[in-house]
Amino acid sequence: MSPDIVTEELVEQELEEQATPTVIGRTSATERDPSTSDKFSFWLPDRVIVNPFDIVEVDQVGQPEQGPSKTYGLVTMLEHRTDAPNHLANFISSNFGEVDEEPNTPRQGTTVASVNVLSNDADIYMPVPSERLVCFAPPEGIEKALGIDQMKPADRIPAGLIKMSNGASTVAYIDRRYVLGPESAHVNISGISGLATKTSYAMFLIQAILQTAPHPEKTAVIILNVKQADLLQIDQRPEQDLPPEEMEKWEALGLEPKPFDHVVYLLPRGNDTPRTGRPNSFLDLDVYRMFAYDLESTADKLDMLLMPSVSDPSGTMEGIIGEIMAGILGGDAEFRDVQSWSQLLGFLRQIQGQRGRWRGLFMASSIGKFRRHLRRLVHTRQTGIFVDSRASGEQVLSEVITNIKGGHTYVVDIAKLSDDEQALVFGDLLRSIYAIKAEEVEDRTESSPVPDRIVFFVDELNKYAPGGARESPITQQVLDIAERGRSLGVILISAQQFMSAVHDRVTGNSATKILGRTGSSEVMQPDYRFLDQDLKMAMTRLAKGELLVNHAVYRQPVKVIFPWPAYRQPEF
Amino acid sequence: MPNPVDCLTPALDLLGNNLNILPATGSAVEDLQHPDADEIEDVLINREVGEVTAFAETPQPSTSSLYRPTPPLSRREKHLFRFFIDGSLRTYFLATGIESTRSFPIEMAQIGAAVVQRDDDGHLSVLDSQHKILLLVPRGSRGVSDTLWIQLERLRTSDGFFEPVDVTTSDVISGQDRPDRPVDLRNKAGGKARHRMHKLEIDIIRATDGLRDKNHWLILDGAVKLDEFIKTPFLIGVAKSFRKDPQFYFGHRRRQRKDVTAILAGLPHAHRTVAFSAHNGQVAFWYVRLREQKELDYPLMGVVKIELPRPDRTPVEAELADLLSRALVAERNVTPYGLDRRWHCHLYPIFIAEQVIKNRFFSQQVLMGAIRWPKP
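Heads up: the protein sequence lines correspond to chains A and B, in order. Under my numbering, the first sequence has 522 at position 522, and the numbering climbs by one with no breaks. Under my numbering, the second sequence has 294 at position 294, and the numbering climbs by one with no breaks.
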């Protein structure tokens with residue numbers, strides 16, 4: 001026999017083996033643990049390895065004349081059961097606790113996998129009968145299981161690779177219509193997965209959105225850099241090539257491992273800027289735009305600057321802010337000479353010293369409190385972002401965003417700003433985006449049309465939209481985006497360690513939730529009630545780089561891995 | 001799902017159409033097993049072993065030294081016992097039948113036997129198992145007429161799965177139904193089912209033919225005698241429960257007489273007694289203590305009785321009895337503690353063989369659904 005024939009036979013044999021799924025167990029329905037429309041169990045023979053989040057398939061009855069259908073399920077938990085009724089039986093079986101005693105016959109036991117039904121390819125949700133053969137689902141089966149086969153190819157965004165215990169892998173696609181609208185929108189990422197995992201995933205997902213977009217020039221991205229210089233080189237190739245296994249992941253996902261195109265870096269002015277000419281950033285970039293806040297450009301955002309951190313149970317501060325904003329923006333005569341932060345502080349000192357209440361409403365002590373608070377923010381503890389007058393190179397952030405261009409990615413660096421300043425920038429960005437998408441654009445000078453979609457990525461969302469009763473102006477802004485962004489084309493990709501720390505209306509409006517490793521106390525919070533109890537426990541065991549994707553189209557969350565970012569990152 | 005025991009239907013129709021039937025409550029009532037059924041059986045089967053007068057071991061043991069040490073010999077050192085047979089049964093009272101002036105119980109039994117094989121790694125697999133449904137009906141002066149019985153006999157299935165059994169026939173377990181001393185027919189039906197179960201156990205030994213040799217032994221649960229002696233080589237019977245009344249005579253003096261309790265109370269842990277002769281030397285038997293007395297409630301717990309067929313009536317070599325006993329002591333782990341009250345002397349593979357059979361039995365619900373008497 002010639003070597004060619006031998007090779008052909010081997011290939012055929014291999015293809016045949018691939019086509020014939022390996023049986024990994026049989027379904028088991030018992031009196032106490034029956035199969036239902038939603039769940040079934042199967043036992044595993046020895047030496048078969050199955051893990052939570054594996055997707056399995058099993059034959060189910062079919063419609064008449066259509067043959068058997070397939071039911072797909074997600075393994076949620078595995079347990080080993082023996083015939084020992086209690087631990088004492090095992091103790092006694094070791095000759096009353098002799099640890100060296102070897103059993104002549106190993107105790108009868110088997111591992112039983114619990115499975116949540118994902119789907120049936122003939123829409124038959126009869127309980128899976130007992131004794132049916134169970135196999136790992138093949139890639140096309142996984143697509144059916146998750147509903148990916150129902151997605152149009154143009155709507156598929158690769159969200160990671162599903163790796164099964166048998167070594168097989170397939171792409172977990174999420175539906176563009178449920179990520180970027182109009183069906184639903186937003187992505188929320190939570191977990192304590194490890195260094196930069198959430199950010200890396202968000203960046204991977206944005207890259208996937210851009211690379212698979214039918215019209216990438218109609219999508220703009222705004223990214224907040226909140227830590228070090230993590231996202232300040234996203235247009236640069238990594239210093240070292242990605243390892244082959246990471247390249248394989250990119251390839252398997254059908255994506256090109258490349259840095260971001262058309263990136264605009266917006267860096268804040270700092271206290272040293274007048275001396276060095278450099279922005280207040282962890283990295284010296286060659287090409288960037290610098291932004292700063294003078295009173296004129298900030299007057300309409302004073303609420304976002306001042307309200308998040310000031311205690312205002314009676315609403316007095318809010319009232320003062322409202323009066324000042326209206327006064328400055330309305331050109332009130334009283335504010336004619338108030339054109340800078342210093343002048344505003346001087347003005348406040350002046351009205352604090354007046355007799356009686358300012359405008360008949362606010363006592364001097366309240367004005368004093370407000371002034372001290374403002375002074376702390378814009379003078380004593382500021383990082384240099386607030387200026388009385390902007391230099392020619394110092395831009396107004398909201399103006400840049402108003403002129404946002406499709407096909408561009410804007411990285412706004414807030415890593416070195418104080419918390420209050422970060423909140424201001426974040427709120428400023430949201431308000432600006434909201435304005436250009438929801439309202440008539442008056443100040444836009446950019447000739448290209450407003451992008452159809454603006455994807456906004458922010459880490460540590462809990463700072464800006466915390467859970468709880470009190471809703472600051474920034475929280476309100478986030479809620480507006482969360483609730484109306486789908487129809488406006490503003491997509492929030494947010495991340496935080498603990499989902500429970502974020503306003504539930506934000507997470508609730510995220511049609512796609514990405515979950516990394518999470519502590520057991522956190523998963524017990526009501527925010528995770530959409531997860532099966534077994535999956536919650538499995539979440540506490542996720543490894544670094546492993547994430548659960550809970551997507552509106554999927555009936556159960558799936559575990560994915562994703563490739564390392566293909567842009568330069570600082571060394572740690 | 002079709003009726004899995006539809007073989008019963010023609011028989012029930014036949015009986016229902018020819019007898020007056022007073023059905024049991026709920027169509028079938030499971031008979032409870034006697035708590036000491038095994039011990040009673042040992043008494044019945046070894047009726048003539050009440051007095052033991054001879055050893056069956058070579059070299060001839062001394063009356064002053066009745067115990068021999070048998071430290072455990074684990075499977076890893078020598079894997080001797082490879083096959084294990086057990087049987088199980090469930091009996092159900094179906095109805096009282098009335099024909100002419102005679103009334104009698106109609107019972108049904110599920111009986112089964114299984115042989116499990118232990119691989120070198122200790123894992124068990126089923127080598128063979130058999131399952132039967134018996135319709136237990138008395139015939140003759142205390143039961144159905146001959147005409148009806150002949151019709152009933154015709155309903156026996158060709159594969160032997162369903163079989164009508166005449167309860168009144170004699171056997172070693174159910175005894176003899178004599179006109180001067182009639183036995184309770186429900187008890188007799190239960191005994192008859194046990195007898196048929198043991199026959200099934202003996203039948204299934206055949207599955208190991210050609211597989212047994214001096215290194216591959218078979219353990220049968222219980223005695224090595226039913227109606228006749230089992231002559232199969234490389235087989236021992238291990239009884240968890242055995243009669244407690246045999247007397248051992250080692251001489252004419254009073255102090256040379258011992259009862260089994262006295263012998264076993266002094267039997268140390270992981271020791272065996274010397275082998276004794278029964279049935280005129282056709283069986284050598286001895287006792288082995290599997291567990292320390294201090295771990296158990298009662299001195300006779302943790303002791304099993306071993307029977308070795310000696311068709312040629314030769315005594316057993318002490319070395320062989322030691323080897324078998326040592327391997328048996330190693331079988332003490334694991335135990336079905338918490339699952340069977342006889343855990344202290346149960347052999348786990350035997351327990352598993354029993355589970356194999358029980359798990360194949362039809363459930364009470366299935367049987368109740370299957371038992372439909374014809375409407376009058």
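Just so you know, these hints were derived from the structure itself, not from any lab. Some hints could be false.
[Stated by the list, open to error] Some chain A residues well away from chain B (every beta-carbon gap over 12 Å; in silico): (1) Asp83; (2) Ala89; (3) Ile92; (4) Glu101; (5) Gly315; (6) Asn403.
[Stated by the list, open to error] Here are some, though not all, of the chain A residues that point toward chain B, as calculated from beta-carbon distances under 7 Å: (7) Pro85; (8) Asn86; (9) Ser93; (10) Asn95; (11) Glu102; (12) Pro103; (13) Asn104; (14) Thr316.
Cβ atoms here follow ideal geometry from the backbone N, Cα and C, with glycine treated the same way.
Hint check results:
A beta-carbon of chain B is positioned within 12 Å of the beta-carbon of A:Asp83; the least distance is around 6 Å. In this structure A:Ala89 is not separated from chain B by more than 12 Å, as the shortest Cβ-Cβ distance comes to only about 4 Å. Some Cβ of chain B comes within 12 Å of the Cβ of A:Ile92; the nearest lies about 5 Å off, and the non-interface call is violated. The claim that A:Glu101 lies off the interface is violated: its Cβ sits roughly 6 Å from the closest Cβ of chain B, which falls inside the 12 Å cut-off.
Once the 12 Å rule is applied to beta carbons, A:Gly315 is consistent with being away from chain B; the minimum gap is 68 Å. Every Cβ of chain B is farther than 12 Å from the Cβ of A:Asn403; the closest lies at roughly 72 Å, confirming the non-interface assignment. The restraint placing A:Pro85 at the interface with chain B holds, with a minimum CB-CB distance near 4 Å, inside the 7 Å limit. Annotation: A:Asn86 was flagged as interfacial toward chain B, and the flag holds, the nearest CB pair being 6 Å apart, inside 7 Å.
For A:Ser93, the interface hint holds, the least distance from its beta-carbon to any beta-carbon of chain B being 4 Å, beneath 7 Å. The closest approach between the C-beta of A:Asn95 and any C-beta of chain B is roughly 6 Å, which is under the 7 Å cut-off, so the hint is satisfied. Using the Cβ-Cβ criterion of 7 Å, the hint placing A:Glu102 at the interface with chain B is satisfied: the shortest such distance is roughly 6 Å. A hinted interface residue such as A:Pro103 counts as satisfied when its beta carbon comes closer than 7 Å to some beta carbon of chain B; here the least separation is about 5 Å, so the hint holds.
With 7 Å as the threshold, the beta carbon of A:Asn104 comes within range of chain B, its nearest partner Cβ sitting at about 5 Å, so the hint holds. Annotation: interface hint on A:Thr316 violated; nearest CB of chain B at approximately 72 Å, more than 7 Å.
This entry does not satisfy hints 1, 2, 3, 4, 14, going by the numbered hints stated previously.
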